[in-house]
Structure formats: C-alpha cells, structure tokens
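As given, the protein sequences belong to chains A and B, one line each in that order. The numbering used here puts the first residue of the first sequence at 1, with every later residue one more than the last. The numbering used here puts the first residue of the second sequence at 1001, with every later residue one more than the last.
The set of hints was computed from the structure by calculation and includes no laboratory data. Think of the CB as a built atom: it goes at the ideal place given N, C-alpha and C, for glycine as much as any other residue. Warning: the hint list may mix true and false statements.
[Claimed, not checked] Pair ranges (Cβ atoms, derived):
#, chain 1, residue 1, chain 2, residue 2, range
1, B, Pro1062, A, Gly147, 44 to 50 Å
2, A, Pro62, B, Gly1117, 18 to 24 Å
3, B, Val1238, A, Gly35, 42 to 48 Å
4, A, Pro258, B, Gly1203, 17 to 23 Å
5, A, Gly310, B, Gly1203, 54 to 60 Å
6, B, Pro1065, A, Leu169, 30 to 36 Å
7, A, Pro146, B, Ala1063, 30 to 36 Å
8, B, Ala1211, A, Gly35, 46 to 52 Å
9, A, Thr189, B, Ala1290, 52 to 58 Å
[Stated by the list, open to error] Chain A regions said to be covered by chain B (calculated; three or more residues, Cβ under 8 Å):
#, segment
10, 258–264
11, 268–282
Protein chains: 2
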Amino acid sequence: MTTTREIHLAARPVGWPTANDFALVQRDLPPLAAGQVLVRNQYMSVDPYMRGRMNDAKSYTPAFPLGEPLVGGAVGEVVESTVDGLAAGDLVLHGLGWREHAIVDGGGVTKLDSVTGVSPSRYLGALGMPGLTAHVGLLDIAAFQPGDTVFVSGAAGAVGALVGQIARLRGAKRVIGSAGSAGKVAYLTDRLGFDAAFNYRDGDVHGQLAAAAPDGIDVYFDNVGGDHLEAAIGRLNVGGRVALCGAISMYNASEPQPGPNNLALAVGKRLSLRGFIVSDHFDRLPEVVAEVGGWLRDGELVADETVVDGLDNAVDAFLGMLRGTNTGKMIVRL
Amino acid sequence: MTTTREIHLAARPVGWPTANDFALVQRDLPPLAAGQVLVRNQYMSVDPYMRGRMNDAKSYTPAFPLGEPLVGGAVGEVVESTVDGLAAGDLVLHGLGWREHAIVDGGGVTKLDSVTGVSPSRYLGALGMPGLTAHVGLLDIAAFQPGDTVFVSGAAGAVGALVGQIARLRGAKRVIGSAGSAGKVAYLTDRLGFDAAFNYRDGDVHGQLAAAAPDGIDVYFDNVGGDHLEAAIGRLNVGGRVALCGAISMYNASEPQPGPNNLALAVGKRLSLRGFIVSDHFDRLPEVVAEVGGWLRDGELVADETVVDGLDNAVDAFLGMLRGTNTGKMIVRL
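Turn these sequences into a full structure, and let the hints guide you.
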C-alpha cells in the first residue's frame, strides 16, 4: 500500500485566506478500481478562481467541501491503469491537483500529445486553462478584431500575459496592460511586447489609462473589476467590448463592491459587457494548443512560469499568487 | 408670408427641467427653397432621450443648441413641395417636431403608407421610434427567445409597454413589468396582459422582483438603471441578457450614480449587458411596421396614447412624461 499526501480545505476563508485555512494530510491510497488510473502528479496549478470556490456562497460552480482535498488542474504520469488506451508512462492532464497521487476515472483524464520541446507544465498554463481563458475571452467574448486597441488588467498574470500577446500576434493596433509593480510594468513592455503598461498601485487608474490609450480602447479584458472596469468604461470607444473574467478583489471581498458609476455610458457608446466561465469552452482547447503551441515553439510568444517545489509549499504558492508574487503562471512542481 | 410658432431651448436644465428652460417663439416662415417641403405638423413626439440631448455633456448624439428650436419626431401633411414624389396632402414622418410648421429637406422626409385604420400618431409610437426601440432591444440586443422570462422596467411607458407585449406575442414564458403607481401596475396586468407587475415606489425592488419571478428571469430590458438593474442582475438566470436602453434617472442626474454592486455575478452567470441606440437600427423600421401594425389592426397589441393638445402645452407634456404622468406614448396634437 502506497501512502500519499494531499491538501484539504480546513476552514472557509473570510476575506484573504491564510495558511490556517488549509491542512496537509497523509493517507493510504486505496486499490485501483476498474476504469481508473493512478497518476503520479508532476505539476499542479494554483489559480485565482480557486479562491472563489472556497466560499460557500451560492454559485454556478460548486464550493469546495470542507475537510476534503482541494481540486484543480494537474499533469502527471500514469503509474497504473485499468483503462483501455492508457498505460503506465503516459503523460496525462486531469482535474485532481493538490495531491501527490491521484486516482482518476478514465473519463476525467486527457492523454497529452506533447508539443515537441515544451514542458508538460505548459498544459496548466499557455496550453491549458489559462490559455483557453485568454483565447475564448479575447476572441469570442470580446469579439476581438485586428486593428483593435486592447487593454488587459492583471496583465502580468497567467491569463493576462497571454491575452496581451494573443492580441499582438493577431494584429491588435495597440496593447495596454496594468500590473501591480514597476518590475511587472517593465516586464510587460520589455519582455512581452506590450505597447504600454502602468502600475495601478501608483493610483489614478483613469488618468494612467487615458495617457496610455490616447485614442481610446476597443476591448477590455477584465481580471480585476473595481476602478479598472470604471476607467475602461470611460475610455472605451463606440462599440467597445468587455470580457468579464472574474477578479481576485471580488473573490476576497466580504461585502458587495460598488459597481462602475459610469455604466450609463454603455448606452450611448453601444458597449457590451459579457461574463464567461472557461469550463463552458473546453471543446476549443485543441485549437488553442495548436495556435499557442506553435507560437511558443517559434519563440513568438513568451509564457514564463513561477515554479514552486513541493506540496508542502503549495499553499504558499496559492497565497502568493493571490497577492501577485508570481510573474506569469504560478506552478507547483511535485 | 405665414407666421408659425416653435419651441426653443432657452437654458440647459440642471437636474429635472422646468418650464423656464423653454421658450415659445413666433416667427415668419421663409419661402421654400428647391428640394424642400413645407409640412403642417399634426402630431409631435416627446421622448425621454430628449432630456439627454438638453445636456451639454460630450455624447454620441449632439446636444440641442441653445436659443434654437428643439427637434424630434413629427407627423404632418405636406402643404407645399418642390420635391419630386411629394405633393400637397401627403402624410409624412420627419425629425422637425416642436413646431407647428416645418420646412424639411426632401431627404429628411418619409412618406407614410398608412396602415389602414391606424392613426398617423402611431408612427411616433408603436410604428415608430418607440416600437423600433422595443423590437431591436428585445430581439437583437437581448436576443430574446420563445420560452424566456422577460422583465421590463418603465413598463407602462411607450417603449416598455411594447417590449412586454412583443415578448408575450412572440412566446415568452412569463412577462414581468415595473411601473411607478398602483394604477399603472393594474394597467400592465389587466390591459396589456403582463403576467406580473409591481410598483417600484413601494420599495424593495429586489424582493418584489423575486416574488414576481420565482424561477428567475432570462431577459431584462432596462429603462431605469439604478436599483432595478441591480435587482435584475441578482435575478437573472445563467446566460441572461440585459438590453441597456437609457434611463430618465440617469439623464437628470447631476452626479455619477453608483453602479450595480453585484456586477461580479455576471461572470458566474455568463451574463451579457449591452447598450444600444435606436438610430443605429432605422433600417429595421419596415419590419416593425409590418409586424406591430398587424398586431395593432388585429387587436392583439394595445398601444395607448396620452394625447395633449396644442404647442402651448408641449413643454408640460414633456415634463409630465419625464415624471411618468403618461400611460403609453405621450403625444402632442398640433
């Protein structure tokens, strides 16, 4: 019998979570049933949406149960299989992260056809959920067209960095990002090829956006809400489009946050604001792997990772990601 | 030389307008130039959007100039014409209301093919801009589908009354309206065939909407903004759609109004909110005249009017419309 370790949700965080809300638990692995695979996880993902699922609020994705292991994207190697078409040594993507070993039903596993020269961790980032979120949000939800000026908040994060680069590679007129430090701002312009960027912690988001977008913006990809959304509404051109992708600030808010005080501008400017959830769009993932994988291989797109080692450090990685200590995708290597 | 009378914007209203912001002016009509028609106006429209155009704020429709006649929809009879295809006696629709006679360029005039048995004033209401606004907002902007539950605010107004009835006639599961008096609420359910209605002046818009829509709503047609929009966002089902049509409360606001404090729900519920301006959609008017005209003739759709007589009373009609003294379309007969 193999023992393994996993991280449980010990308490529902109120506001910003702390280490006390989690527990590292050791347990024995049960024997494999028919139709299951045992996976040794190599990489697991920590993502902003996980914070939302720690709340008990009525939502359209179920809350994580207390006292049970958390879930999330993971990539690993099959150790044992009772599923046809999956054998020991196969590299797979599945939804049971936050643990060193996972026993997964065959239907919950995607066998990865590696993109040559790309780390398996990419399937948790540029070639996985963050890549799909950026692609669908920009192209479908915000209906991006070549020639658009695009603004993305949280632009140094896993999703934001891809939104800006996909926009650039698909012919945006101008790509603008906001982030939370001078270092990240330099990273956006110097390494990711953004045309302009600003540090929202310097204040006056409206003024900084106006300076960065003298001719207005056509698309706003919202990872932040709050004053960013209000500034974007003020700056959007006629026919402008907003993809509402969720916001760390909202997940951690204990009270309702005031909405944008200029939403009435949406009438005269014919704006559209659309919320979306990436899990509605998993059928589009192969398209993203093909397009973004090609750009990655050719060096046209940068997908940096902040890698933290060991399940013991997974909670710190998650908390750090919420605070913005990562640049690009935050990954835990197990 | 014929003298005529017209109403000028004398001052820019601050907040709610008063009679002092307008002036009734008598003047001589100049001789007709080539390519013009002289029209004796029979009916003119007073509409909420006109309040917006009295502000000097930067907008996407130009502000009404001070010291000049107001403009707006009007129907009248051609008295004299130098335009091919338009002759004395023709009934025409044009954009120079707020005056007893109008001299209009030929290109600004639409000759009306009357729908038999329907008053010409209909072309300012159900068969005109309000009808087009209701049709486009419900069907295109909010992407109404048979089986949807629809909520419309300002439901006893010219646009709202049509939104609810078009939804009913096109197969809504349930139609809910809000209005500003007990009499209007009874009017919505008893005369217009709404399934439920409530008086927002009784307070607790969230609670009243929840009671009227136990299974949630799929479409919200927003004529009001503020707490109605917030309540609608709270009550919208997954995939819900909002048509943002402008709001009297917004036009008269001197300060920015707080936005809905629950806009973050748009992410998980995959909501879309879209603003629109009817003038982008004038090409759809013949379709509206055909469909709504048919329903009107067959008695399936009610389009009541509140008719005020005489240009001397046009300002009062406009101010009354802003306060909600009308039921259905407010019309001035000249």
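Status of the hints after comparison with the structure:
Checked against the hint of 44 to 50 Å, the pair B/Pro1062 and A/Gly147 fails, with Cβ atoms roughly 27 Å apart. At about 58 Å, the CB distance of A/Pro62 to B/Gly1117 disagrees with the hint of 18 to 24 Å. Distance hint check: the CB atoms of B/Val1238 and A/Gly35 are about 31 Å apart, inconsistent with the given range 42 to 48 Å. Between A/Pro258 and B/Gly1203 the Cβ separation comes to about 21 Å, which falls inside the hinted range of 17 to 23 Å.
At roughly 56 Å, the beta carbons of A/Gly310 and B/Gly1203 sit within the given window of 54 to 60 Å. B/Pro1065 and A/Leu169 have their C-beta atoms about 47 Å apart, which leaves the hinted 30 to 36 Å range violated. The hinted range of 30 to 36 Å is satisfied by A/Pro146 and B/Ala1063, whose Cβ atoms lie roughly 34 Å apart. Distance hint check for B/Ala1211 and A/Gly35: the Cβ-Cβ separation is about 47 Å, which falls inside the suggested range of 46 to 52 Å.
Checked against the hint of 52 to 58 Å, the pair A/Thr189 and B/Ala1290 passes, with Cβ atoms roughly 55 Å apart. Counting residues of the segment 258–264 of chain A whose CB lies closer than 8 Å to any CB of chain B gives 7, which reaches the minimum of 3, so the coverage claim holds. Against chain B, the segment 268–282 of chain A contributes 11 residues with a C-beta closer than 8 Å to a partner C-beta. That satisfies the three-residue criterion, and the hint holds.
Checked against the numbered hints listed earlier, the structure breaks hints 1, 2, 3 and 6; every other hint is satisfied.
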